[in-house]
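Chains as they are written, first to last, in my numbering: chain A, 80 to 420; chain B, 99 to 708.
Hints listed in this document are in silico derivations from the structure and should not be mistaken for laboratory results.
If you're wondering where the values come from, they're calculated on a predicted model, not measured in any experiment.
Every residue, glycine too, gets a C-beta built ideally from N, C-alpha and C.
Among the hints, a few may not be true.
Claimed, not checked - Heads up, incomplete: computed chain A residues facing chain B, CB under 7 Å, no partners named:
1) Gly119
2) Asn121
3) Tyr186
4) Tyr191
5) Phe201
6) Val214
7) Gly222
8) Gly225
9) Lys230
10) Arg312
11) Arg324
12) Met327
13) Val330
14) Gly368
15) Phe372
16) His376
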Amino acid sequence: MNLVVGLILILSLSAVFLFFRSSEILSVAKKRISDSFEDGNNNINALSGVIFLVLSTIGIIWYSYDQFDNYFLPMASEHAPEIEVLFWVTTAITFTVFIITQIVMFYFGYKYRFNKSRKAHFYPDNHKLEIIWTVIPAIVLVGLIGWGLVKWNEIMGPPPEDAEVIEVVGYQFAWASRYPGPDNELGNSNYKLIDVENIVGIDFSDSSSLDDFMPREIYIPKGKPVLFKIRARDVIHSVYLPYMRSQMNAVPGMPTQMWFVPSKTTEEMRAETGNENFNYEIVCNKICGRAHFSMKHTVVVVEEWEYIKWKNSQKTWIEKNPDYYANFIKNNSTDVAVLND
Amino acid sequence: MGVTKTIKNKPKTKVEEHHHDHHEESFITKYIFSEDHKVIAKQFLITGIFWAIIGGAMSSLFRIQLGFPDMDLTALSPIIGNWLTPQGKIDPEVYLALITMHGTIMVFFVLTAGLSGTFSNYLIPLQIGARDMASGFLNMLSYWFFFLSSIVMFISIFVEGGPASGGWTIYPPLSALPQAVSGSGMGMTLWLFSMSLFIVSALLGALNYITTVINLRTEGMTFFRMPLTIWAFLVTAILGVLSFPVLLSAALLLIMDRSFGTSFYLSDIYIAGEALSNQGGSAILFQHLFWFLGHPEVYIVILPSLGITSEIIATCSRKPIFGYRAMVYSIFGIGVLSFVVWAHHMFISGMNPFLGSVFTILTLIIAVPSAIKAFNYIATLWRGNIIFTPAMLFSIGLVSFFISGGLTGLFLGNSVVDINLHDTYFVVAHFHIVMGSASFFGLFAGVYHWFPKMFGRMMNSTMGYIHFWITFIGAYLVFFPLHYIGIAGFPRRYYSFTNFETGRIESFIDLNTFVSFAAILTFAAQFIFLFNFFYSMYRGRKASANPWKSNTLEWTTPREPGHGNWPGKIPSVSRWPYDYSKPGAKDDYIPQHIPLSSTKESNMPEDEHR
Numbered sequence: 080m081n082l083v084v085g086l087i088l089i090l091s092l093s094a095v096f097l098f099f100r101s102s103e104i105l106s107v108a109k110k111r112i113s114d115s116f117e118d119g120n121n122n123i124n125a126l127s128g129v130i131f132l133v134l135s136t137i138g139i140i141w142y143s144y145d146q147f148d149n150y151f152l153p154m155a156s157e158h159a160p161e162i163e164v165l166f167w168v169t170t171a172i173t174f175t176v177f178i179i180t181q182i183v184m185f186y187f188g189y190k191y192r193f194n195k196s197r198k199a200h201f202y203p204d205n206h207k208l209e210i211i212w213t214v215i216p217a218i219v220l221v222g223l224i225g226w227g228l229v230k231w232n233e234i235m236g237p238p239p240e241d242a243e244v245i246e247v248v249g250y251q252f253a254w255a256s257r258y259p260g261p262d263n264e265l266g267n268s269n270y271k272l273i274d275v276e277n278i279v280g281i282d283f284s285d286s287s288s289l290d291d292f293m294p295r296e297i298y299i300p301k302g303k304p305v306l307f308k309i310r311a312r313d314v315i316h317s318v319y320l321p322y323m324r325s326q327m328n329a330v331p332g333m334p335t336q337m338w339f340v341p342s343k344t345t346e347e348m349r350a351e352t353g354n355e356n357f358n359y360e361i362v363c364n365k366i367c368g369r370a371h372f373s374m375k376h377t378v379v380v381v382e383e384w385e386y387i388k389w390k391n392s393q394k395t396w397i398e399k400n401p402d403y404y405a406n407f408i409k410n411n412s413t414d415v416a417v418l419n420d
Numbered sequence: 099m100g101v102t103k104t105i106k107n108k109p110k111t112k113v114e115e116h117h118h119d120h121h122e123e124s125f126i127t128k129y130i131f132s133e134d135h136k137v138i139a140k141q142f143l144i145t146g147i148f149w150a151i152i153g154g155a156m157s158s159l160f161r162i163q164l165g166f167p168d169m170d171l172t173a174l175s176p177i178i179g180n181w182l183t184p185q186g187k188i189d190p191e192v193y194l195a196l197i198t199m200h201g202t203i204m205v206f207f208v209l210t211a212g213l214s215g216t217f218s219n220y221l222i223p224l225q226i227g228a229r230d231m232a233s234g235f236l237n238m239l240s241y242w243f244f245f246l247s248s249i250v251m252f253i254s255i256f257v258e259g260g261p262a263s264g265g266w267t268i269y270p271p272l273s274a275l276p277q278a279v280s281g282s283g284m285g286m287t288l289w290l291f292s293m294s295l296f297i298v299s300a301l302l303g304a305l306n307y308i309t310t311v312i313n314l315r316t317e318g319m320t321f322f323r324m325p326l327t328i329w330a331f332l333v334t335a336i337l338g339v340l341s342f343p344v345l346l347s348a349a350l351l352l353i354m355d356r357s358f359g360t361s362f363y364l365s366d367i368y369i370a371g372e373a374l375s376n377q378g379g380s381a382i383l384f385q386h387l388f389w390f391l392g393h394p395e396v397y398i399v400i401l402p403s404l405g406i407t408s409e410i411i412a413t414c415s416r417k418p419i420f421g422y423r424a425m426v427y428s429i430f431g432i433g434v435l436s437f438v439v440w441a442h443h444m445f446i447s448g449m450n451p452f453l454g455s456v457f458t459i460l461t462l463i464i465a466v467p468s469a470i471k472a473f474n475y476i477a478t479l480w481r482g483n484i485i486f487t488p489a490m491l492f493s494i495g496l497v498s499f500f501i502s503g504g505l506t507g508l509f510l511g512n513s514v515v516d517i518n519l520h521d522t523y524f525v526v527a528h529f530h531i532v533m534g535s536a537s538f539f540g541l542f543a544g545v546y547h548w549f550p551k552m553f554g555r556m557m558n559s560t561m562g563y564i565h566f567w568i569t570f571i572g573a574y575l576v577f578f579p580l581h582y583i584g585i586a587g588f589p590r591r592y593y594s595f596t597n598f599e600t601g602r603i604e605s606f607i608d609l610n611t612f613v614s615f616a617a618i619l620t621f622a623a624q625f626i627f628l629f630n631f632f633y634s635m636y637r638g639r640k641a642s643a644n645p646w647k648s649n650t651l652e653w654t655t656p657r658e659p660g661h662g663n664w665p666g667k668i669p670s671v672s673r674w675p676y677d678y679s680k681p682g683a684k685d686d687y688i689p690q691h692i693p694l695s696s697t698k699e700s701n702m703p704e705d706e707h708r
């Protein structure tokens, strides 16, 4: 095996070497007529530019059209279409500029390729032209910025009052979620209380923690605002929901949040994609270590009535971990007594 | 000035002589601890090439993992031995280490030191008419600090636990805690040490470039008669001086957090079964500090390339660069704005959304001077008499990448669109085209163009053409498809997508294989360049003093300029560097040192102001 690789290396090196010498000899033999440094390959290079342009444009347009369903994800939140409209308008503008400038550039390269009987046109500047191509991009950009900022403020602005609050905690290499329970209030947490059982550090000296529950999968209702309160336990992670066009980093020591309104249930999406195993997933999108690539968490979008039913059927964390809570009471009896007064 | 004087006092004939003919300088002072800016430039170039091979080889390795995930790499074990799992696959942490080192090496060691170090050093004294840099000694130190930093970084690849593996942006807490990933142990310590040395090198170099450009211009070389290369190097150096110290402070605070128990970046962390005592730090603070360097850094990487390209496009179109002053102002505009856009890397980091709005506005403004530059390049081609040398081809390639990669910046710079594209393959595509490929093409263009002056011989142009076309098409085939993968929401820095969302595993298997294939082929094609480069040094055709019939001062030096550059008096300058194809002139170029009085037939009223 090594012998073959070595042979191939030696052979290709000598081929390159031979090529170098022969093209050097050729270039001396061709002895240029004009006194310019053009070496007789100008037309080939100019033409190659045009061919490259044509083939690559066809390739891009064909792939973009043919594979659209593969790279464009169905949208599953109410703000997703608003982001996508701006995305596609930006695409239209940039693609137009891209195609025009590349066509002009390679066309000029071909049209004005060297000709010894011609002299280039001395044309150092043209203020009018320069002002035009300063002002037009500036105007287009102002439009894109203005539009973008309006949407940005809507999406990143304060969540509606009636949003369903869910805590999402990232850690190497999984996600955990906590619901506030019937009192609609998430209890306090403290990273120093984290251990193998209490993985997000719920502080049970806060009475609103008592009815919190932590399901295996995140359920959210379609058509209702959902607010993720995001924390990280160890390193930075990122809560990314590609179908919802939502993303926010999870930072240790700095709680963050994001909200959105789901617009398609998991069942609807299964029908739309034709994939009966489809599930929404939070994927981690900030490098976080060895298993970064497999850090994910299932999100189930259901109709609102299903959601309420599901919520009511959940056992609180304390009910699931009675020993832990009994221990906690024992160790903190004085605190709890004070609280109960 | 001291250096200038000592060189002036040397007997003129000796400087002129060929280096084989006299042995006044020992090998060590001439080639190793040299204070000659031209030799230092070559040292930077060769070291940069060394790193580019390592960085490129690393990318081929992780592209194999992405494109051919089932391949058994046991055959490579003599080279990469314990980086493989027992199944002959790359270990997930090694994968992270590879992408981290690839980024670090390419951004800092190749495209900062290899590019700025080479061409700022080589061209500044030659093009402004100086005998050497303002301080040859500091210049030498700059290289040797870089060399030391390179050695430390190279060693870090082989230490226990592997090299740094938290991404080239080394965000803490991942990079601060060895418990989080094994590369954050010894590898990260060496990374920080190496980068500190690197910053010293960058600062020494940049201060020298600035001083030289301001103080050592030859008679008649007013600021607005400087070639655009010099403007680009000057602004690049200013950016470096202002931003690298911030990276140093970010690195120092990280070193303190790692080794001395401080909590600048750490707070409320529970890891490896233990709650750490650090509280009150901010992980976001590091990102602000890092990107305060990080964003100017991408312009530190691209501006020299744009400068090189300006020079080559004008020379090979036989036309003045279109809108010289607009080009200068846009370099400055880009330079100033590059300091106030950093947080567009952090739209979804959890910082206040209001900051996101501010940085969106500032970020999109920077597109205006960039657009001006692109349009001016194209206008320079219009009605030119274009000769496609390999350098010219690479320059046109650069403009093509600068446009296509710059345009995708309009997506990522607009905060609301960035929500969905952030940290996906779209970002990878964007910066590999606009900063990676474009800057690399500037580097290639510069090497092909100034090789005759550097080594007194021509590179083989046919091999140059082949190298260009494979690399140009190859780079587009590698990076363009990544846009689609990014739009589909595939995160970057993923070892594999087998555990990715149900049903989307197969989406891009073929495309990833295709990209990997193109990447490895493109990397292989660089050996054509390497062969051409090293072989032409000894066997290339001998070059004339001014093979491209160019106007700038470096072409008035002898074929192989000695230390001190000009054997006689330094030429003085009486015109701008872009008098190509001037109406009425006999030749299609008039070098900068030709006085106006001897070109009465082609003088124009504007010449007085140029």
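Hints, one by one, checked against the model:
| no. | hint | result |
| --- | --- | --- |
| 1 | Gly119 | 10 Å, violated |
| 2 | Asn121 | 5 Å, holds |
| 3 | Tyr186 | 9 Å, violated |
| 4 | Tyr191 | 5 Å, holds |
| 5 | Phe201 | 5 Å, holds |
| 6 | Val214 | 9 Å, violated |
| 7 | Gly222 | 10 Å, violated |
| 8 | Gly225 | 9 Å, violated |
| 9 | Lys230 | 4 Å, holds |
| 10 | Arg312 | 5 Å, holds |
| 11 | Arg324 | 4 Å, holds |
| 12 | Met327 | 5 Å, holds |
| 13 | Val330 | 5 Å, holds |
| 14 | Gly368 | 4 Å, holds |
| 15 | Phe372 | 4 Å, holds |
| 16 | His376 | 11 Å, violated |
The structure shown violates the earlier hints numbered 1, 3, 6, 7, 8, 16.
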